[in-house]
Structure formats: structure tokens, C-alpha cells
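Here are the chains, one letter per residue:
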Amino acid sequence: MHCGAFRDRHAAYIDDALDDATLDAVRGHLADCRACAEHDTAVRRALMLFRNLPTIQPSPDFSARLQARLRASGYDSAVRVDGRRDRLGDSAGPTSVGFSGFASAAAGVVAAGYLAVAVFGTPASVRAELALSPVVARATPPLSLAPFTVQPTVLVSFEGVLPSWPSEVFTSRTPIRLSAVSLTADSPDR
Amino acid sequence: MAEVALMRVGTPSDGVRTEGTRARLRALDDAEVVGVFLEGDERAFQELVERYQARLLNFVYRTIGDREKAEDLVQEVFIRVYRHLGRFDRTKKFSTWAYTIASNLAKNELRNRSRNPLVLFQAIKRNWEDEERPLQFEDPASRPDDLYRKRHLRSLVEASVARLPEHHRQVFVLRELEGKSYEEIAEITSCNLGTVKSRLNRARTSFADIIAPALR
Numbered sequence: 001m002h003c004g005a006f007r008d009r010h011a012a013y014i015d016d017a018l019d020d021a022t023l024d025a026v027r028g029h030l031a032d033c034r035a036c037a038e039h040d041t042a043v044r045r046a047l048m049l050f051r052n053l054p055t056i057q058p059s060p061d062f063s064a065r066l067q068a069r070l071r072a073s074g075y076d077s078a079v080r081v082d083g084r085r086d087r088l089g090d091s092a093g094p095t096s097v098g099f100s101g102f103a104s105a106a107a108g109v110v111a112a113g114y115l116a117v118a119v120f121g122t123p124a125s126v127r128a129e130l131a132l133s134p135v136v137a138r139a140t141p142p143l144s145l146a147p148f149t150v151q152p153t154v155l156v157s158f159e160g161v162l163p164s165w166p167s168e169v170f171t172s173r174t175p176i177r178l179s180a181v182s183l184t185a186d187s188p189d190r
Numbered sequence: 191m192a193e194v195a196l197m198r199v200g201t202p203s204d205g206v207r208t209e210g211t212r213a214r215l216r217a218l219d220d221a222e223v224v225g226v227f228l229e230g231d232e233r234a235f236q237e238l239v240e241r242y243q244a245r246l247l248n249f250v251y252r253t254i255g256d257r258e259k260a261e262d263l264v265q266e267v268f269i270r271v272y273r274h275l276g277r278f279d280r281t282k283k284f285s286t287w288a289y290t291i292a293s294n295l296a297k298n299e300l301r302n303r304s305r306n307p308l309v310l311f312q313a314i315k316r317n318w319e320d321e322e323r324p325l326q327f328e329d330p331a332s333r334p335d336d337l338y339r340k341r342h343l344r345s346l347v348e349a350s351v352a353r354l355p356e357h358h359r360q361v362f363v364l365r366e367l368e369g370k371s372y373e374e375i376a377e378i379t380s381c382n383l384g385t386v387k388s389r390l391n392r393a394r395t396s397f398a399d400i401i402a403p404a405l406r
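The listed protein sequences correspond, in order, to chains A and B.
Its first residue numbered 1, the first sequence is counted upward by one per residue in our numbering.
Its first residue numbered 191, the second sequence is counted upward by one per residue in our numbering.
Just so you know, these hints were derived from the structure itself, not from any lab.
Ideal Cβ positions, reconstructed from N, Cα and C, are used throughout, including at glycine.
Each statement offered as a hint is correct.
Pair ranges (Cβ atoms, derived):
#1 ARG212(B) with HIS2(A): 50 to 58 Å
#2 ALA404(B) with SER59(A): 26 to 34 Å
#3 ARG34(A) with ARG277(B): 53 to 61 Å
#4 THR22(A) with LEU228(B): 39 to 47 Å
#5 ARG45(A) with ASN302(B): 32 to 40 Å
#6 THR22(A) with GLU373(B): 16 to 24 Å
#7 THR22(A) with SER371(B): 13 to 21 Å
#8 ALA402(B) with SER104(A): 52 to 60 Å
#9 ASP19(A) with LEU218(B): 30 to 38 Å
#10 TYR338(B) with GLN57(A): 16 to 24 Å
#11 LEU115(A) with HIS357(B): 45 to 53 Å
#12 GLN57(A) with ASP399(B): 28 to 36 Å
#13 ARG277(B) with CYS3(A): 44 to 52 Å
Every beta carbon over 12 Å from chain B, so not counted as near; a handful from chain A, in silico:
#14 ASP19
#15 THR22
#16 ASP24
#17 ARG34
#18 ALA105
#19 ALA107
#20 VAL109
#21 VAL110
#22 ALA111
#23 GLY113
#24 TYR114
From just these sequences and the hints, can you work out the full model?
Dropping the structure here:
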């Protein structure tokens with residue numbers, strides 16, 4: 001047996017949990033290997049010290065404090081979690097409501113609210129507050145423009161050729177129509 | 191009712207009856223005592239408390255190193271036992287279940303301490319104050335130098351255990367102080383058997399290495 005194998009089996013050796021063959025091998029190694037023998041001695045000494053530590057005892061008021069804590073926790077004359085009522089107490093003390101209970105209650109409230117909305121619909125006040133007015137593009141009423149007239153002076157200047165319409169003709173009509181479009185909030189009643 | 195179970199006092203005839211009940215409960219094994227409790231006899235709970243309070247206290251104390259907190263945690267163990275005993279699988283060992291609860295609470299305590307250095311400081315300070323108490327309460331028959339040597343040795347051992355990693359320390363204490371089997375330790379610490387063996391081996395070696403220089 002080499003040192004690694006000995007160290008692997010050392011815990012079982014200390015606990016007397018080795019089979020006979022392995023035990024013989026371990027003892028043979030201890031007889032041959034000084035380092036492992038020293039290790040074995042050191043561990044056994046240390047364990048002996050630890051095992052002989054004085055034990056501590058609960059303080060005299062341990063039971064009284066436990067009783068007080070049980071009472072504070074609501075288990076004094078209460079229905080226990082397992083649903084069994086104490087024989088010695090009949091009063092309905094506080095019970096512990098766990099997370100599952102809380103989740104069930106919350107789910108119930110949500111379901112009831114959903115059902116109420118489905119049955120009775122959304123109140124008008126809520127609708128008015130929550131509904132957004134649609135945004136529509138609406139042109140202002142058509143402008144009443146004066147009939148187009150070309151100034152005689154202009155035509156005279158282009159006599160004998162194709163008439164070239166003065167630019168003021170376009171700038172005076174088209175841009176006004178385009179720029180007259182305004183965005184307004186539509187009435188929710190539409 | 192827990193109060194009745196823990197503080198049962200009454201007339202002399204009641205006392206005789208109570209003593210008889212106690213003797214009867216003491217003769218039962220853990221599983222039977224649990225059965226008596228589940229049948230409604232709350233005195234069985236007190237029997238479980240008496241059986242395990244010191245053992246659990248020593249286990250938790252050796253794990254977390256703070257006596258006062260250890261008592262609080264052991265009380266918490268019993269509160270949980272009282273609360274959940276109805277769900278306890280009676281095919282399993284009661285002691286393993288109780289130690290599992292204690293082990294988990296001790297682990298949580300150590301985790302909380304590592305997050306809150308102030309708590310750790312207060313625990314160390316309290317232990318230091320305990321060490322400063324007069325000697326005469328310990329062992330009046332011992333000579334002062336003997337008392338000093340014993341106390342010093344005890345401090346050394348406790349300090350050495352405290353230096354073990356938490357997961358090694360738990361296995362170490364369960365095995366060396368409580369005498370639990372590997373299988374029980376595996377169940378209590380939620381580890382497999384191989385891990386328990388490995389941790390125990392390492393814990394023993396580390397502990398010996400830590401304390402060896404002080405013993406020379």
C-alpha cells in the first residue's frame with residue numbers, strides 16, 4: 001500500500017470500518033512508513049482532544065423560553081399546520097397562513113375583478129378617462145378665392161407668344177390650400 | 191397545549207400520574223414518542239425536548255461557536271418540530287430529521303454572519319466576555335494552574351474547529367461529537383456518502399494540522 005491509498009482509507013481505519021484484508025495492508029504500511037504513522041498519531045490525538053471537550057447544557061430557563069416562543073408563534077392552543085386541533089385547547093388561535101394561502105387569496109381577488117368587468121362592462125367615467133381621442137387630419141373649409149384674372153399689363157408683355165403664367169398665380173393659390181391643413185383632436189363622440 | 195406540556199404542575203396525585211406518564215414515555219423509542227404526540231398527548235413533545243435539547247445545543251454550538259445564538263436556534267428547531275411533526279415521515283429516524291433542521295439553521299446563521307460583520311464581532315465579543323468570568327464556577331476542586339491549562343486547551347480546540355470550512359465542520363462535529371453514522375450525516379447534510387467520507391477525512395486531517403503546533 002502506498003501513502004495515497006493509506007490516506008484515502010485513513011478515516012475508515014480510525015472508524016474501524018475496514019475489512020480484514022485492507023486492515024492488514026494499512027497496518028503493514030504504518031509499520032513501514034514513518035510519515036503516515038506520525039499522521040495517524042497526530043489525527044488520533046487531535047480527535048481525542050475534540051471528543052473530550054466538555055459538553056454544554058441548556059440554560060435553566062430553556063423550557064420557559066421555548067414555551068414563550070411557542071405561545072408567541074401561535075401554536076399555543078392553536079390548530080397546527082397539519083390541520084389537527086390540539087386536544088388540550090379548543091379555542092381557535094391564530095393559524096399560520098403560508099405563501100400558498102396568500103397567492104390563492106390574491107388570485108381570487110383578481111378573478112373576481114375580471115369577472116365583474118366582463119359582466120358589467122367598464123364604467124363610463126373610466127371609459128372617458130382612459131379612451132384616447134383619435135387624431136385626424138382635417139382641412140379647413142375651402143377658401144373662397146376670387147376668380148383668377150390676369151392682369152392685362154402682363155399679357156401685353158407676352159403678346160405673340162405662348163402665355164407664360166406669372167408665378168404669382170401659383171403662389172397665391174396652391175400653398176394656401178396645402179398649408180390650410182391642420183391636425184385636430186377628434187371628438188370622442190364621433 | 192405546549193404550555194401544559196412544558197410546565198405541567200398540579201396536585202400530588204397529578205404529580206404521581208405525570209411521573210408515571212414520564213416514565214412510560216422514557217421507555218419508548220423516538221418513533222413511539224412521536225406516535226404518542228400525534229395521537230394528542232402533548233407531554234410527548236416535552237419528552238422529545240428533553241431527549242434532544244442538550245445534544246442539539248452542543249451540535250449547533252460547535253458549528254456556529256456562539257452559545258446564546260445556539261440556544262435560540264435549538265429553540266427554533268423545536269418550534270419547527272412541533273409545527274411540522276404531523277408531516278414527519280415516521281419511517282425515518284426522528285433524530286436525523288431534528289439534526290437536519292438544526293444543520294440548516296446553523297448553516298443559515300453562518301451565512302448571515304458572513305454578510306454582517308457586526309454580528310460576527312458581537313458573537314466573538316460575547317464569547318470573550320464568557321472567558322472572562324470568574325474561575326471558581328468551573329471546578330472548585332482543580333488547582334488554578336490546572337484550570338488555566340484546561341481552559342487554554344479548550345480554547346485551542348474550539349479555535350481550531352472554528353477554522354475548519356463550514357461544510358467540513360458540520361460533518362466533523364456530527365461524526366466526532368454526535369457519533370452519527372456516515373449514512374445519517376449524508377442525509378442530514380444532503381450530501382452523498384462519498385462526499386461525507388471525503389469531507390470527514392479532510393476535516394480530520396485539517397484539524398490535526400491546525401492544532402498540532404499548539405500541542406508541541
